[in-house]
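Enquirer: Protein chains in written order, with full-length UniProt numbering: chain D, 1 to 246; chain R, 1 to 246.
Don't read these hints as lab results, they were simulated from the structure.
Beta carbons: idealized from backbone N, C-alpha and C, even for Gly.
Among the hints, a few may not be true.
Cβ-Cβ distance ranges computed for the label pairs, FRET-style [as the list claims (entries may be wrong)]:
1. D/Ala-119 with R/Thr-175: 43 to 49 Å
2. R/Glu-132 with D/Glu-55: 28 to 34 Å
3. D/Thr-19 with R/Thr-175: 36 to 42 Å
4. R/Ala-73 with D/Leu-3: 36 to 42 Å
5. R/Tyr-29 with D/His-209: 35 to 41 Å
6. D/Ala-37 with R/Lys-89: 38 to 44 Å
7. D/Thr-19 with R/Asp-80: 55 to 61 Å
8. D/Leu-75 with R/Asp-80: 42 to 48 Å
9. R/Val-33 with D/Glu-25: 22 to 28 Å
10. D/Leu-3 with R/Ala-4: 25 to 31 Å
Number of protein chains: 2
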Amino acid sequence: MALAKIRLFLEHPMAAGQTLPLAKEQAHYLFGVMRLAAGDRLPVFNGQDGEWIAEVAEAGKRGGSLTCLEQSAPLRLPPDLWLAFAPIKKERTDFITEKATELGAARIIPVQTDFTNSARVNRDRLQAHAVEAAEQCGGTFVPEVAGMTRLGEFLDACGAQRQIMFCDETLTGETVPARQVLAEAGRGPWAVLIGPEGGFSQEERDKLHALPFAHPVSLGPRILRADTAAVAALTLWQDVLGDWNG
Amino acid sequence: MALAKIRLFLEHPMAAGQTLPLAKEQAHYLFGVMRLAAGDRLPVFNGQDGEWIAEVAEAGKRGGSLTCLEQSAPLRLPPDLWLAFAPIKKERTDFITEKATELGAARIIPVQTDFTNSARVNRDRLQAHAVEAAEQCGGTFVPEVAGMTRLGEFLDACGAQRQIMFCDETLTGETVPARQVLAEAGRGPWAVLIGPEGGFSQEERDKLHALPFAHPVSLGPRILRADTAAVAALTLWQDVLGDWNG
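All chains should be built: construct the whole structure from the sequences, respecting the hints.
Expert: Below you can see the structure in the form of structure tokens.
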């Protein structure tokens with residue numbers, strides 16, 4: 001039986017023979033939109049038990065269930081990398097969440113800075129984007145999207161245990177390459193911190209520069225939008241310290 | 001006089017004392033939307049003569065003109081890097097164009113592959129996105145968006161003079177790091193090639209692997225969407241061979 005080209009995230013324990021009940025929206029998607037029927041198989045994951053092949057046991061309009069058959073991939077955790085960013089316009093914030101998931105961030109933290117445009121985010125919507133990105137990119141893990149966090153609280157949470165790659169758009173060229181900064185700081189827990197569109201305030205910048213575990217880096221001579229900077233910084237981190245090179 | 005927080009691309013020769021006529025839409029944007037008036041100053045660029053400070057000479061509802069005062073930045077060309085990609089959904093194609101401009105691609109080429117979803121692109125719309133991104137990122141250069149090009153033609157245009165970083169999503173992990181592939185291949189003209197959502201066909205992949213100037217690279221263990229792959233590949237290239245590190 002061919003495997004459906006759909007991967008589904010389901011918040012339910014997974015083990016051989018386990019029944020996985022489907023919520024109304026999931027049943028609608030699988031049976032109404034994707035036209036799966038009883039007996040069809042698809043990969044499912046819950047973010048904790050790896051990826052499993054499941055078979056449609058019951059297909060209804062308002063619900064249904066799958067049966068877990070066998071594990072098809074083990075749980076693969078991303079490196080201990082957080083992405084912290086000042087939320088921007090809705091679609092670009094959605095985009096950052098999607099990209100951070102694909103690029104293997106373990107936790108996504110919207111931060112409130114002096115110049116952050118929006119004071120709140122729709123956490124459920126962002127979490128749903130992270131789930132969809134995980135389904136699409138073949139990952140077995142979904143990063144948690146945190147609630148809006150003040151910059152000071154984020155820095156306290158990093159404390160001495162977590163290094164920060166801090167993208168300072170006032171540094172353009174004439175600095176140590178980001179690659180070298182990362183390689184010299186070395187492996188361990190990290191966070192990438194992306195400022196708001198208007199940049200960090202002088203006070204914030206002074207504070208960040210004074211923290212021994214925060215490393216300012218430049219992302220080239222052009223001023224990147226916050227969403228571009230997020231993708232570029234995560235890429236460099238994964239390439240130098242993360243799981244891109246085995 | 002304070003400088004307006006607007007940068008405007010104008011297709012007109014620029015030199016001290018030069019009058020720059022404004023089209024109706026430009027006049028509407030500057031005077032109707034941004035509320036500039038005669039005497040106000042803003043940075044302008046044409047992609048060839050660097051950035052100039054211009055003063056509003058005449059502000060009308062249907063037109064107007066600026067006077068070029070002095071050059072504020074020289075022309076800064078990006079490295080000789082092309083981005084070739086198989087167009088995907090409209091908004092993601094727009095996004096790739098915006099990001100390629102910010103990340104310093106010199107030319108953007110939509111390519112037609114065996115599995116490309118769309119057979120045509122709206123070149124004018126993509127070019128407008130490149131202009132807007134250049135205005136926003138502080139660049140003095142606007143990459144040209146080429147018309148839809150067959151993969152074979154693109155490869156012929158690269159010929160022996162241009163190396164290709166070819167993002168092969170079938171390579172996940174267990175390969176030489178992209179950074180090392182780029183560093184060993186060395187500087188010179190390059191192109192980044194991103195395949196369509198369905199990947200390259202087997203025939204295309206065989207052809208690419210046989211070309212001595214095409215270098216397959218992996219972008220980590222998760223499958224990246226085409227737009228993410230474009231940003232990640234351009235970032236790695238700029239970091240290793242481009243203009244990000246002085």
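Enquirer: Each hint needs a verdict: does it hold in this structure or not?
Expert: Going down the list of hints, with the structure as the test:
For the pair D/Ala-119 and R/Thr-175, the supplied restraint of 43 to 49 Å holds, since their beta-carbon distance comes to about 44 Å. Here the CB-CB span from R/Glu-132 to D/Glu-55 is close to 49 Å, at odds with the stated 28 to 34 Å. Checked against the hint of 36 to 42 Å, the pair D/Thr-19 and R/Thr-175 passes, with Cβ atoms roughly 40 Å apart. At about 55 Å, the beta-carbon gap between R/Ala-73 and D/Leu-3 misses the expected band of 36 to 42 Å.
For the pair R/Tyr-29 and D/His-209, the beta carbons lie near 38 Å from each other, so the given range of 35 to 41 Å is met. Roughly 28 Å separates the CB atoms of D/Ala-37 and R/Lys-89, a value that falls outside the hinted 38 to 44 Å. Between D/Thr-19 and R/Asp-80, the C-beta spacing of about 58 Å keeps the proposed range 55 to 61 Å intact. The hinted window of 42 to 48 Å between D/Leu-75 and R/Asp-80 holds, with their beta carbons roughly 43 Å apart.
The supplied range of 22 to 28 Å is broken by R/Val-33 and D/Glu-25, whose beta-carbon atoms lie about 41 Å from each other. Between D/Leu-3 and R/Ala-4 the Cβ separation comes to about 57 Å, which falls outside the hinted range of 25 to 31 Å.
Checked against the numbered hints above, the structure breaks hints 2, 4, 6, 9, 10 and satisfies the rest.
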